[in-house]
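Put together the whole structure using the sequences plus the hints.
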Amino acid sequence: MALDEIVERCQDLYDDLDFKYIKQWKAAGSGRKAIGHMPVYVPREIVHAAGMLPVGILGGGDQLDVIHGDAYYQSYICRIPRSTIELAVTGRLDELDGMLFPSTCDVIRNLSGMWQLKFPDKLVRYFDVPQNFDLDVGGVFYTRELQLLRDQLAELGGREITDDDLRASIALYNENRRAIEALYAYRSAQPGQVPTPEVYLLMRAGMILPVDEHTRLIHDYIAAAKAVKRPVRDNCRVVVTGLFCEQPPLGLLKSIEMAGCYVVDDDFMLVARWLLEDVPTEGDPLKNLSDAFITYSVETSCKYVPVREDKGKFLIESVRRNRAEGVIFASPSFCDPALLDRPMLQKALTAQGIPYTAFKYAENSGQMQPIREQAGTFADSIKLWSAA
Amino acid sequence: MNTAGTNPGDVQKEESMLLQKAMINANYDALSTAHEDGNKISSTFVPGNLNELLMCFDFVRNLPEINALQAGMRKKSGAYIMEAERSGHSEDVCTYVKTDLGMMSKGQVGPNGKPLPTPDVLLLSYTGCFTFMKWFELVRDEYGCETAMLHVPYQADGKITDNMRQFVVMQLKEHVIPTLERVSGIKFDIDRLREYLGESAKAEDNLVWVLQSAKNKPSPIDAYFGAIYYCGPIFSAFRGSKETTAYYKALRREVEDRIEKGLGPVTPEGLLDEERIRLVVEGPPNWTHFRDFWKMFYDEGVVVVASSYTKVGGVYDFGFRHDPEHPLETLADYCLGCYTNHSLPSRVDMLCNYMDEYEADGFLVNSIKSCNSFSAGQLLMLREIEERTGKPAGFIETDLVDPRYFSPANVKNRLESYFQMIEQKRLRPEDRSAA
Ligand code: SF4
Ligand code: SF4
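Quick note, the sequences are listed as chains A and B, same order.
To convert, note that position 61 of the first sequence is 61 in my numbering; the numbers rise steadily by one, no gaps.
When you read off a place in the second sequence, starting at 1, and then add 1000, the result is the number in my numbering.
There could be a bad hint or two in this list.
To be verified - Just so you have them, the derived chain B footprint on chain A, three or more residues with Cβ under 8 Å: (1) 130–141; (2) 240–246; (3) 304–312; (4) 336–343.
Read the hints as simulated data drawn from the structure, not as lab findings.
Glycine included, every Cβ here is placed at the ideal spot set by N, Cα and C.
Printed below as a string of C-alpha cells:
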C-alpha cells in the first residue's frame, strides 16, 4: 500500500466515531464479540485469545459534540469520561459486548461503576493491576486477576480459552510490539521521515484493527515511508509525555512539529508498548503475562515507583536513548495522575540538565496558537542553548 | 434561629469533647518532641489507616490529611495551596495534597504552633483514592524517608474476594510489617495487635450506636457536621487505644442522655430545638468555612441524619468490626471496606438504605472540586438515588480546603432553594398521603 493510502485508512478509522468497523468485523463471522477498554493498560492478549476484538475507547476527540456527557460530570473533571459517556448513551458503543476499565485513576475507576449502573446487561470489569511489584505478592494477585478475566470472557464467549489460545495470542502481540518498536526506532533515527501525527494515527488504528492486521499495516507503513523522500528540517528533538489517557487533538501534535520540534518518543497508546520485552510463549501463559507486567513494563503516572531514586529514570532513559534535547509535558487539564507526577519528573530532568516545557490540553482544545508559540519558544531556546 | 442555649461554652463542657481535645493536643505535642523523646514517627492516610499495627511499633502517628483539614479550619490552607502552586503544582490537582506540601515548605508548623518533625516512615495505604499514591511519592521525594506501600484493591463488584484479601495480607506480611520492624527496631508482636484490635471493636460498637441514634426523631446528633467530630478518634491516630474506648463510651452516654430528654443535636450555637428537615449527605465537607457552612443548615432546622463522609475511615454500620481472632485478615477487610473503595452501585445502595432507614426528606451532594475519588460519578448517583427513593436531591459544589472554591452566597442560595423545595414537596397532598 502507498503511504497516502495507509495514512488515509488510519485517518478514516480515527474519524469514525460510530465505530462502524466493529460492526463490519462482527458481521464477518458468526458469534463474534467485541470488548472495549479504556486507557491505559489491559492485557489484550486474553481478549484476543477468547476470539474477541479488543477495542480501545479513547474518548470523543475534538469532533464529537458532547451534549449529554456534560450532565454526568462536574466542570472540574477531565474530558475523556464525559465524551466516553456521550459515545455510550448515543448508542455508538452498542456493538461492544463488554467494557474493561483499567486502574488508571479514580475517574476511570468510577466510570466503571457508572457503566454498571447504565448498562447492566453488558460485561463490565474494573481491571485492577498490582502496585506491588514482587512476583510472589503482586504477581500472585495479578495472575489470579488474569484468570478471573479469562473465566469471564470464556463465559461471555461460550467457549473455553485454552493455554494454546493464549500462547498464540501472546505470540501475535509480541510481533505487534516488535513492529511498533521498529516504527519508533525508525522515527527516532529519521524523524523527518516519520511525522508524529502519522505515528499517532497508526497507533490509533491499533486500537481497533485486529492485531495481525495492525502489525502488517505498520510494516507496510515503514516500507512506504522509507520509499519517499521528505524534507529534513532543522527541528530539535523532543520527548512528549503525559498523553497516556485523554487524547491530544491531532492539531496539537501537528502544532508541536510545526513549531520546530521532532517528537522522538511519546506515551501514546501505552497499552501497545506496555511490556518492554517479548512475553515467553512457553509455559504458563497467564503467569508469563503477569511476570512481564511485574518485571518489565513501562513507568507512567498510573504506576507506583517503589524506589525514590528511580522516579523519572524511565523518562530520562528515553531522552538519552533517543538523543532528545528536551521534554514537553503535555497533560490533560484536571488530570491528577499526570499533573501530580509532573513536578517530580521535572525535578529529575533538572538534575540531569534536561530542559523541558509544560502545558495542558483537552481532547477538544481548538486554539493551538498558544501551544505552537510555547513549543516554538522552547525549540528556539534549545537551539540557542546547544549553540552556546 | 432554631437553637437553644446559645452559649458555645455549653458545647465545650461535654465530657467527650474534652477527652477528644486532650487526645489531639497530646498527640501533636508527642509529635513535636518525638525525636527528642527517642520516638519514631509514622505518617499515613485516614482511609485504610492501620493504626493498631502502627501502635505495635510505638510509632507516634501523624496523618497529613488531618493536618490539612486542621489548616483549613484555621484558615491557613489558602496560603499553603498558593505556596504549592508557586512551586510548580498545578491549580487543577487535589488541594489536600497542596496544603500538605505548602505546609511542609513553610516549616510544617502544627496546630500547637510547633514544627512537626520529619516522619521516619510513610505508610501508604493506597485505599480508595488514586491521588494518595502520588501524594506519598511527592512526600517521599521531599523527605527521603522509608515508604511502605500497601495496595488495597478496589471493590468494583461490590464484594471482597479471597484474592483481594490474600493480596493485602501478603503485603502486610512480606512488606509492611518487615519495614515497620526495621524502622522502629521493634519486633512485631501479634498478641499486642490482637489487644488493640479488641479495643477498636469496642469503640466501633459505640460509634455505630451513636451514628444510628440519628434514626430517632428528633435525631440527637447531626450525622455530618457533628459526626465528623465523633469519627475523629476512630479515623485517626487513636483507634485501638483504651482512651478511644473511653471516649466512645462517654459520647454514647451523652447521646443517650439527649435521647431520654428528647433533645436534638448540639450545634456551635447550642442545642437545635426544632428538627424541620432530615437529610442524607454525600461527600466531604468544606473545612475553610466549616462553621458558616453548618450554620446554613441548623439555622433552617436541617439535620443530617446520615452521611457518607463519616464512612471514609471505615464502614462499620453494616456489621464490620475489627476482629482480634483474625488480625491480619481483619486489617485487610477494614482497608478494603472504606467508603471510597466501594463501587458506585454499592455507594448508591448504601445511600438509598440511609434514606430509607433514617427516614430522610432529601439527599444532598456536596461535590468537592479536589476529590475525583468522591466526585466523579456523583451526578449519576444523584439521579439514581432521586429516582429510587422519590425524594428530592440537591447538589452544591465546594472544596475541602481551598477557600477560593467556597462561595458562601452561592452555597446559601442553593441550599435555601433546595430546602424550600423539600418543604413544598412535603406539603403536596399526593406526597402526604404516600407518606
Ligand atoms: S485524563 Fe487523567 S484524570 Fe482523566 S481519566 Fe485519564 S488519567 Fe484519569
Ligand atoms: S482526591 Fe479526595 S480522597 Fe484523595 S487525597 Fe484528595 S481529597 Fe483525599
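Taking the hints in turn, this is what the structure says about them:
1. Check result for the region 130–141 of chain A against chain B: holds, 9 residues qualifying (beta carbon to beta carbon below 8 Å, three or more required).
2. Counting residues of the region 240–246 of chain A whose beta carbon lies closer than 8 Å to any beta carbon of chain B gives 0, which falls short of the minimum of three for the stated coverage.
3. By the rule of at least three residues with a Cβ nearer than 8 Å to a Cβ of chain B, the coverage given for the region 304–312 of chain A holds, with 5 such residues.
4. Counting residues of the region 336–343 of chain A whose CB lies closer than 8 Å to any CB of chain B gives 7, which reaches the minimum of 3, so the coverage claim holds.
The structure fails hint 2 only (numbered hints given earlier).
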